[in-house]
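Once you've looked at the hints, dock chain B against the given chain A.
Going down the list, the sequences are from chains A and B.
Take 10 as the starting number for the first sequence in my numbering and just add one per residue.
Take 10 as the starting number for the second sequence in my numbering and just add one per residue.
Read the hints as simulated data drawn from the structure, not as lab findings.
Treat the hints with caution; some may be incorrect.
Note that the list lumps identical chains together, so a pair holds whenever it fits in one copy or between two copies.
[To be verified] When the alpha-carbon atoms are kept at most 30 Å apart in a straight line, the in silico DSBU-like pairs for lysine-lysine are as follows:
#1 Lys108 with Lys257
#2 Lys265 with Lys241
#3 Lys232 with Lys137
#4 Lys17 with Lys57
#5 Lys199 with Lys257
#6 Lys112 with Lys40
#7 Lys108 with Lys241
#8 Lys151 with Lys171
#9 Lys241 with Lys257
#10 Lys112 with Lys241
#11 Lys232 with Lys58
#12 Lys171 with Lys137
#13 Lys171 with Lys241
#14 Lys232 with Lys199
#15 Lys199 with Lys108
#16 Lys53 with Lys17
#17 Lys57 with Lys232
#18 Lys257 with Lys232
#19 Lys199 with Lys137
#20 Lys108 with Lys232
#21 Lys53 with Lys232
#22 Lys171 with Lys199
#23 Lys265 with Lys151
Just so you know, these numbers come straight off a predicted model, no measurement behind them.
Number of protein chains: 2
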Amino acid sequence: MSENQFNKIALVGAGSVAIHLGLALKHAGFKVENVINRSPERGKLLAKKLGAHYLADFSILINPDLVIIAVSDDAIPLIAGQLVGCSYPVVHTCGTVTKDVLKVASSDYGVFYPFQTFSVNNAVDFSKVPVCIDASNTAFFKRIEQLAQSLSGTVCQLDDQKRRILHLAGVFASNFSNYLYAIAEDLLLKNNIPFELLLPLIQETALKIQTMAPLEAQTGPAKRGDQSTIQKHFQLLQNEPDLLELYKTFTDNILKTYSHPISTSDLDLNVDK
Amino acid sequence: MSENQFNKIALVGAGSVAIHLGLALKHAGFKVENVINRSPERGKLLAKKLGAHYLADFSILINPDLVIIAVSDDAIPLIAGQLVGCSYPVVHTCGTVTKDVLKVASSDYGVFYPFQTFSVNNAVDFSKVPVCIDASNTAFFKRIEQLAQSLSGTVCQLDDQKRRILHLAGVFASNFSNYLYAIAEDLLLKNNIPFELLLPLIQETALKIQTMAPLEAQTGPAKRGDQSTIQKHFQLLQNEPDLLELYKTFTDNILKTYSHPISTSDLDLNVDK
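Looking at chain A on its own, in the form it has when it is part of the complex (with noise of 0.2 Å):
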């Protein structure tokens, strides 16, 4: 390990943002000495498992040469303001929050964005994880460069406003597209068929934009302008108000991409014919 790199990692958090990246930091091997979290129980869970001392607070932090704050968005300008003055180089991991927030720390501040969907009980493979990085000057920008480089094979510069634009991205690619699973799933357990015949569909789907444009894999009735499956589809739909809107939603955007001059509501009227 370089003289550049980091032997003394501070970690604030200890939900899954600190466990997955913790694990990562050790696996590359990286020291993180201490995790600091307001819970104590989740946080020694942590620290045990990164072979870190536990800290309730900063108070008996002893010149870590990195702090990382992984904590939820709300929570990052509060811990901001336990370290002001602190001067130590300090990063979040967060996708809304400013750099700046940062400012009253240290000169040497700074962002650390691991840009997936971590859950606590889910093994995600770090070195594919996109890790978007900034940071209040150029020397440090490098250090962190160098972290992000040890952990991913992806490593990008994003500011302030296009790490915002990719987080907001984020969510609807992945929650929203999560959310549609789970209203698949809801529909087919109510009428009793296997939730496990749509999962090669899901996987396909998110698989052939990998080579593919969204815009240029996009199938369905919606794409070919196909009015009798939308309103058949209408009519499964009756008892369902809020999934009948989202449907017509999506079918009207999907309908407009597309070029074709009908909409839901020309459809709504025939929808009892």
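Chain B only, in chain A's frame:
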């Protein structure tokens, strides 16, 4: 190949389902003897791929032991009309069309519905494609069940109604998810952010639910009830009314699902604060 199997299959259609099913039949050792398609160009191309003869219509088709109608949903009744009284065993491959549309053709009729998103230029491992079957009588059911099991590891019986529900669930989980990917790509490209950054997240989101229920796998600001992030997203989407509508619809549904006592209309009021 046993007596019971199909050695002289006529495949109707030359679109993505016909292509992938035809190739799967060929690879499993079945003989596709004829490809029937109204467009000679695409029909001949597929016939060549399958080592079959192209026919423009049914007039010179001689005693196939199975006719597989793999055309668009709308065209199936038309094809059925051309097969009235032919007595050839016949199936269609469609999720939304009733089995009985084929009753006019034969006493042995049914459905052979491969549940996957197929694109012309995208290879698919057919052994992992669930095949949902149904048939007019038990003997014919057994025959197409055997055919399905020769191609795929997942075969199940679904009646018309369940097949329609599965198709609808697929529209939510696949077509609409893919459209979300397209939205995300558009957001990124407009802001000069590489779409590739999003691919690992999309992959992991689809992978996660192979082992975790979607409602358990859900992450993101709406799941957490994180109002300040949701409001930041409103601001980023203020010039994108269609996306903002979609964002609000999802967010309200997710807030409700996870029992957060707020809705986007409460947050809207504060968007400029």
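Structure versus earlier hints - violations, ascending order: The structure conflicts with hint 23 only, although it agrees with all the remaining ones.
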